[in-house]
Amino acid sequence: MAEVKLLGAWGSPFSRRVEMALKLKGVEYEYIEEDLADKSPLLLKCNPIHKKVPVLLHNGKTIAESLVILEYIDETWKTNPIFPEDPYDKAMARFWAKFLDDTCMPAIWKIMWSKENQREKAIEEAIQHLKTLENELKDKKFFGGETIGLVDIVANFIGFWLGAVQEASGMELVNKENFPVLCRWIDEYVNCSVVKQNLPPRDELIAFLQPRFSASSWKY
Amino acid sequence: MGAVKLIGSYTSLFCTRVEWALKLKGVQYEYLEEDVFNKSPLLLQHNPVHKKVPVLVHDDKPIAESLVILQYIDETWNDNTLLPQDSYERAMAHFWAKFTEEKCLMETFTAAWKDGEEKEKAIESAQESFAFLEKLIQGKKFFSGEDKIGYLDLAMGWIPLCLEIMEEVGGMKLVDAEKFPSLLEWARNFTEIPLIKERLPPRDALANYFHKIVSYKRSNK
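So the protein lines, in turn, are chains G and Z.
Residue numbering for the first sequence follows the working numbering, beginning at 1 and increasing consecutively.
Residue numbering for the second sequence follows the working numbering, beginning at 1 and increasing consecutively.
None of these hints come from the bench; they were simulated from the model.
Given the structure is predicted, the values throughout are model-derived calculations rather than measurements.
Check each hint, because a few of them may be wrong.
Listed below are the simulated SDA-like cross-link pairs for lysine to any residue, each with C-alpha atoms no more than 20 Å apart in a straight line [unchecked claim]: (1) G:Lys110 to Z:His50; (2) Z:Lys51 to G:Ile127; (3) Z:Lys135 to G:His50; (4) G:Lys78 to Z:Lys51; (5) G:Lys51 to Z:Ala131; (6) G:Lys110 to Z:Ala131; (7) Z:Lys52 to G:Tyr88; (8) G:Lys110 to Z:Lys221; (9) G:Lys90 to Z:Tyr88; (10) G:Lys90 to Z:Val49; (11) G:Lys61 to Z:Lys135; (12) G:Lys78 to Z:Ser87; (13) Z:Lys217 to G:Ala122; (14) G:Lys90 to Z:Ala131; (15) Z:Lys103 to G:Leu100; (16) G:Lys98 to Z:Lys51; (17) G:Lys45 to Z:Ser129; (18) G:Lys98 to Z:Ala131; (19) Z:Lys61 to G:Gly144; (20) G:Lys131 to Z:Leu44; (21) Z:Lys98 to G:Glu116; (22) Z:Lys61 to G:Glu136; (23) G:Lys98 to Z:Leu13; (24) G:Lys98 to Z:Asn47; (25) G:Lys51 to Z:Lys51; (26) G:Lys90 to Z:Val4; (27) G:Lys25 to Z:Ser87; (28) Z:Lys121 to G:His50; (29) Z:Lys51 to G:Ala107.
Under 10 Å between C-beta atoms, here's a sample of chain Z residues computed to sit facing chain G [said to hold, decoys possible]: (30) Leu67; (31) Glu102; (32) Lys103.
All C-beta atoms, glycine included, are put in the ideal place defined by N, C-alpha and C.
Build out the structure end to end from the sequences listed, making use of the hints.
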């Protein structure tokens, strides 16, 4: 297999997802850290459309959008599949991955950027979506079953970043009382070796996020 | 192969693309028309998360989200493949399907319901996005890169289906013949295909639908 490179950012959950998948499959790759405040000519050349990370470079070809990259990785390197084999289960995995990215995550971000009088409504919406996610988990160890799969990888934002965001902002959206099943999954998740190796250092992430909350009109 | 049902709405572009896929694959299905302004218990049962159409029910198992459904259809019924064989080409198809939906379609809709300076900004954004599609289709008959349509053409199918109507409802012009000749030629070639042509909703029904959702958006900013 020819060269694999990944353009990423240390604090980006999207970038870390791709690293998780590559490491899970034992794929050797060169990691190139991007400064998102000062994007490199390489990034702008490889992803002229969105100008974002992550971007995977394989065989001289570039692929952007983390969900698209994850599917490409699973099809190209067959060790430790992250997608289920059955077409229906695969469809469900894609559905939940989309739900996380298109519905859940934006709702959580909305809280952070909402004005004080709209915050209550934003919190209610986010909690509703997290409940939906929790219901999907039920009594499974991971969304993928006994081992982590696509949905667990995509849910890295919930598994790790959310905790850091909560600490940086002082807001508690998810705790063991209101989300016992989700918290159980979070504990399993962050202790899973392939996940543990692919998380940014927690205190650095919190330090990175904190100014963003004190800069805004955020008060919780 | 078990029974196939499609819960849809005749004016929904997301449902139309699923019907196109089923017809291209020669899949027999039962169509259940849904009143999206008065949702049925069946829809709420089969798509409790989003409560939206389309929902494909295969062997009593529901699948929601049109692009997820298209992929499922392609993986389950093997005749007439919609996605490319090569994994890189497949990744590109997914990338552009996401792009047309998240950028082109959403920006067009935003431009349609917004006013004043915000409208102008949204129009500019949308045109920048459409410029990428113009470049992508240049030199090709279809987005599939082949002589017949594929997954990406179906994902882009909303353009010949709704764009002109959305432009009318929004009182704007986004894609003109001068700047987007290749995209408009693709749209003409796409709608000439008999299976596609057969399943085009009546223009006034579509216009009615878009008027309704644009008004709703304007009054619920």
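Each hint tested on the structure:
| no. | hint | in the structure |
| --- | --- | --- |
| 1 | G:Lys110 to Z:His50 | 18 Å, holds |
| 2 | Z:Lys51 to G:Ile127 | 18 Å, holds |
| 3 | Z:Lys135 to G:His50 | 16 Å, holds |
| 4 | G:Lys78 to Z:Lys51 | 35 Å, violated |
| 5 | G:Lys51 to Z:Ala131 | 16 Å, holds |
| 6 | G:Lys110 to Z:Ala131 | 30 Å, violated |
| 7 | Z:Lys52 to G:Tyr88 | 19 Å, holds |
| 8 | G:Lys110 to Z:Lys221 | 15 Å, holds |
| 9 | G:Lys90 to Z:Tyr88 | 19 Å, holds |
| 10 | G:Lys90 to Z:Val49 | 18 Å, holds |
| 11 | G:Lys61 to Z:Lys135 | 18 Å, holds |
| 12 | G:Lys78 to Z:Ser87 | 13 Å, holds |
| 13 | Z:Lys217 to G:Ala122 | 19 Å, holds |
| 14 | G:Lys90 to Z:Ala131 | 33 Å, violated |
| 15 | Z:Lys103 to G:Leu100 | 19 Å, holds |
| 16 | G:Lys98 to Z:Lys51 | 15 Å, holds |
| 17 | G:Lys45 to Z:Ser129 | 17 Å, holds |
| 18 | G:Lys98 to Z:Ala131 | 26 Å, violated |
| 19 | Z:Lys61 to G:Gly144 | 19 Å, holds |
| 20 | G:Lys131 to Z:Leu44 | 17 Å, holds |
| 21 | Z:Lys98 to G:Glu116 | 33 Å, violated |
| 22 | Z:Lys61 to G:Glu136 | 15 Å, holds |
| 23 | G:Lys98 to Z:Leu13 | 19 Å, holds |
| 24 | G:Lys98 to Z:Asn47 | 14 Å, holds |
| 25 | G:Lys51 to Z:Lys51 | 33 Å, violated |
| 26 | G:Lys90 to Z:Val4 | 18 Å, holds |
| 27 | G:Lys25 to Z:Ser87 | 17 Å, holds |
| 28 | Z:Lys121 to G:His50 | 18 Å, holds |
| 29 | Z:Lys51 to G:Ala107 | 17 Å, holds |
| 30 | Leu67 | 8 Å, holds |
| 31 | Glu102 | 9 Å, holds |
| 32 | Lys103 | 8 Å, holds |
Hints 4, 6, 14, 18, 21 and 25, counting from the list given before, are not met by this structure.
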